[in-house]
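*Asks:* Spelled out from the first residue to the last, the chains are:
2 protein chains.
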Amino acid sequence: MGSRIHVVGGGVIGLACAWELSRNGHGVTVCAPTPGRDGASWVAAGMLAPVTEAQFGESALTALLVEGAGRWPAFAAALEGATGHDVGYDTTGTVTVALDASDRASLDDLLAYQHTLGLEAHRRSASECRDLVPALSPALRGGIEVPGDHQVDNRALLGALAEACRGGGVTFVHSSVTALEAGPVLVLADGRRLGADHVVLAAGTGLRAIDGLGGTGLPSLRPVKGHILRLGAPDAVTPVPLLARTVRGLVHGRSVYLVPRRDGSVVVGATVEERGADTAVRAGAVHELLCDARAIVPGVDELELVEAATGLRPATPDNTPRIGWTARDGVIAAVGHYRNGILLAPLTAAAVVDLVGRRPVTPLIEALAPT
Amino acid sequence: MGSRIHVVGGGVIGLACAWELSRNGHGVTVCAPTPGRDGASWVAAGMLAPVTEAQFGESALTALLVEGAGRWPAFAAALEGATGHDVGYDTTGTVTVALDASDRASLDDLLAYQHTLGLEAHRRSASECRDLVPALSPALRGGIEVPGDHQVDNRALLGALAEACRGGGVTFVHSSVTALEAGPVLVLADGRRLGADHVVLAAGTGLRAIDGLGGTGLPSLRPVKGHILRLGAPDAVTPVPLLARTVRGLVHGRSVYLVPRRDGSVVVGATVEERGADTAVRAGAVHELLCDARAIVPGVDELELVEAATGLRPATPDNTPRIGWTARDGVIAAVGHYRNGILLAPLTAAAVVDLVGRRPVTPLIEALAPT
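Chains as they are written, first to last, in our numbering: chain A, 4 to 374; chain B, 4 to 374.
By construction, these hints were calculated from the structure, which means they are not laboratory data. The structure displayed is predicted, hence computed values, not measured ones. All residues carry an ideal CB built from backbone N, CA and C; glycine is no exception. A portion of the hints provided could be inaccurate.
Partial chain B-side listing against chain A, Cβ under 7 Å, derived [as the list claims (entries may be wrong)]:
#1 Leu234
#2 Pro237
#3 Ala283
#4 Val284
#5 Ala286
#6 Gly287
#7 Val289
#8 His290
#9 Leu293
#10 Val303
#11 Asp304
#12 Leu306
#13 Glu307
#14 Leu308
#15 Ala311
Label pairs and their in silico Cβ distance ranges [to be verified]:
#16 A/Pro36 x B/Asp103: 48 to 54 Å
#17 A/Arg7 x B/Asp281: 52 to 58 Å
#18 B/Asp89 x A/Pro301: 42 to 48 Å
#19 A/Glu70 x B/Thr37: 50 to 56 Å
#20 B/Gly194 x A/Pro301: 44 to 50 Å
#21 A/Ala212 x B/Ala192: 47 to 53 Å
#22 B/Glu277 x A/Gly172: 55 to 61 Å
#23 A/Arg278 x B/Thr37: 36 to 42 Å
#24 A/Asp134 x B/Ser223: 43 to 49 Å
#25 A/Pro141 x B/Ala312: 31 to 37 Å
#26 B/Asp281 x A/Gly172: 44 to 50 Å
#27 B/Asp134 x A/Arg278: 29 to 35 Å
#28 A/Val309 x B/Arg40: 18 to 24 Å
Calculated from the model, a selection of chain A residues having no Cβ within reach of chain B, i.e. all distances over 10 Å [what the hints assert, rightly or not]:
#29 Pro36
#30 Ala185
#31 Pro222
#32 Pro244
#33 Ala370
The shape of chain A in the complex, shown without the other chains (with noise of 0.2 Å):
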């Protein structure tokens, strides 16, 4: 018998779950305001990226990534059968370059580093870089290629999880939720009060804003603001896409990376700020973005700007995500993500599916609980 459960959050991580749940019986219902264009989801560029995203002392994190993208082939898969859309996901791999001298020993170091963590990756001269992507500038200093790190159209993927979730039967609350309460039940923004056999909150910095979670056990989650474009690709002057896979670049000791979709068009991102709540648009941000964009792929400066647009990723202390039973009865939490919720909602649905059929969870699960 199925229980009744009450998803708090309309991204990547709530829909997952929904739809997860909903395929294994459960009658479950998603509260967000906006479902599918909720939070940090919506503005992401989709990346794949356990390799490419490693960093020095997150060696325990690296290996959830890696468990992440080890789920995408079949749940890209599942979710394509199940709604009939391509969520553009694509598996040609990633080129992360270096512009400087500098840039380079880093990319060195990270390259040490990979291997020690045994991950594929491989040591590449400006020339081989050229010929993987032959639009990179010809003042780039090498690089590394990564064929494992791959990316999915995280718009396209938020629209099949809605319409999978709308076939599997779950039912949309448009509305934020402001509390909970024991039970566990959900207070709406109108005054509604919900009651369910179980709570997900999967809300990312939307948690934030509900009211009496003190009891949950959850670390507080921080805002970490982040800039990304969206660049169009008129017919006229790029008939031919620019790039035909992921390009990461150093720049100067920054991060910056291009996505190009299947039409042709470029995302480019992203920054990291540590500004609060703040989402506004920054003139000295998107300088940031177009400056090292264009320095790795000069060809940037003829795609049109489309959108600017900025996001808030859930960041725990450690920045970790929480995954498990809280402290409260019958309230699960699956938040934090940060910079890794489309990489990780395959493995975290499954994951939250597991933990409401009280099965045991992976080790690598199991270390998140917030309790």
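Following the hints, put chain B in place on chain A, whose structure we already have.
*Replies:* Same frame as chain A, but now just chain B:
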């Protein structure tokens, strides 16, 4: 007795002509798809800058711009009186600054040229410039103060002109014009034909889509693309407006300007691009404007990017307007204002009123006759 006059074009020239003609007793119709939101006028910055726009070898044009600027105080007062709307007419003055030594040398050449034309402009040291504009970068090489170059809020101006037209009994036909026939008769996009005593052609680059202008004697108008940015001032960050006067700059040989509005926002412009009728907002142009603006006013980084837009300035082969009777009976031209449409609108409208009344115009205007 007034005439029946059709004005083609709903930008600043068309609306200014329509309003002045209606004030002089004529029955006026404006034909334009979206009057008050049309064309280059909507995208403009609104500088009234005969001195800082002075170009070597264009002394006749500069004389016209000086004459045009002289019409502004009375025009703004009349328009504000007629509508009760503030059009943001601001006479604080302009400072042009130099980034590097080569820019400083160029500004000194320009200053000498301005003085040969008898224009008021004062050499200022870097610290004198910062006294005038505290937000300037400390890295500048000084500049020129031009007290006589002013500004108007172009969008407030267009709104006020449209309202003044309505108040003056002007009829709006929300349609584009596809052809001019003898009569004169205008053929509209929906097939309607409108006859009148006189037609005033004031459609900027929109004129290029009108058939039947062959016999007018008008030169072809080329579209000169310009990118512009509108930057907002988030209250929390900028309790005091960043700028209190217009700042222009030479940045490694490139021109940029920053025009502050009364609400704390700043208009940054403008590229000058010979790219035909292309209106896409290009990443490279946005980068160039941001790069140059923040080089002279670093606080730009903290402003919000509210809008990035392009417009097509209507330019004749000699970059000088054509104002006068054409070779076609009953047809007056007021076209080709290029970078100076806002500045020249009052002078042009007054000239068109004189032309319709068959009164003599000043030699400066007479020199602009199309035939």
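*Asks:* Are the hints correct? Go through all of them and say.
*Replies:* These are the hints, each one checked on the structure:
no.	hint	in the structure
1	Leu234	holds, 5 Å
2	Pro237	holds, 5 Å
3	Ala283	holds, 4 Å
4	Val284	holds, 5 Å
5	Ala286	holds, 5 Å
6	Gly287	holds, 3 Å
7	Val289	holds, 5 Å
8	His290	holds, 4 Å
9	Leu293	holds, 4 Å
10	Val303	holds, 5 Å
11	Asp304	holds, 3 Å
12	Leu306	holds, 5 Å
13	Glu307	holds, 4 Å
14	Leu308	holds, 5 Å
15	Ala311	holds, 6 Å
16	A/Pro36 x B/Asp103: 48 to 54 Å	holds, 50 Å
17	A/Arg7 x B/Asp281: 52 to 58 Å	holds, 56 Å
18	B/Asp89 x A/Pro301: 42 to 48 Å	holds, 44 Å
19	A/Glu70 x B/Thr37: 50 to 56 Å	holds, 55 Å
20	B/Gly194 x A/Pro301: 44 to 50 Å	holds, 48 Å
21	A/Ala212 x B/Ala192: 47 to 53 Å	holds, 50 Å
22	B/Glu277 x A/Gly172: 55 to 61 Å	holds, 59 Å
23	A/Arg278 x B/Thr37: 36 to 42 Å	holds, 38 Å
24	A/Asp134 x B/Ser223: 43 to 49 Å	holds, 46 Å
25	A/Pro141 x B/Ala312: 31 to 37 Å	holds, 33 Å
26	B/Asp281 x A/Gly172: 44 to 50 Å	holds, 49 Å
27	B/Asp134 x A/Arg278: 29 to 35 Å	holds, 32 Å
28	A/Val309 x B/Arg40: 18 to 24 Å	holds, 21 Å
29	Pro36	holds, 23 Å
30	Ala185	holds, 37 Å
31	Pro222	holds, 26 Å
32	Pro244	holds, 15 Å
33	Ala370	holds, 39 Å
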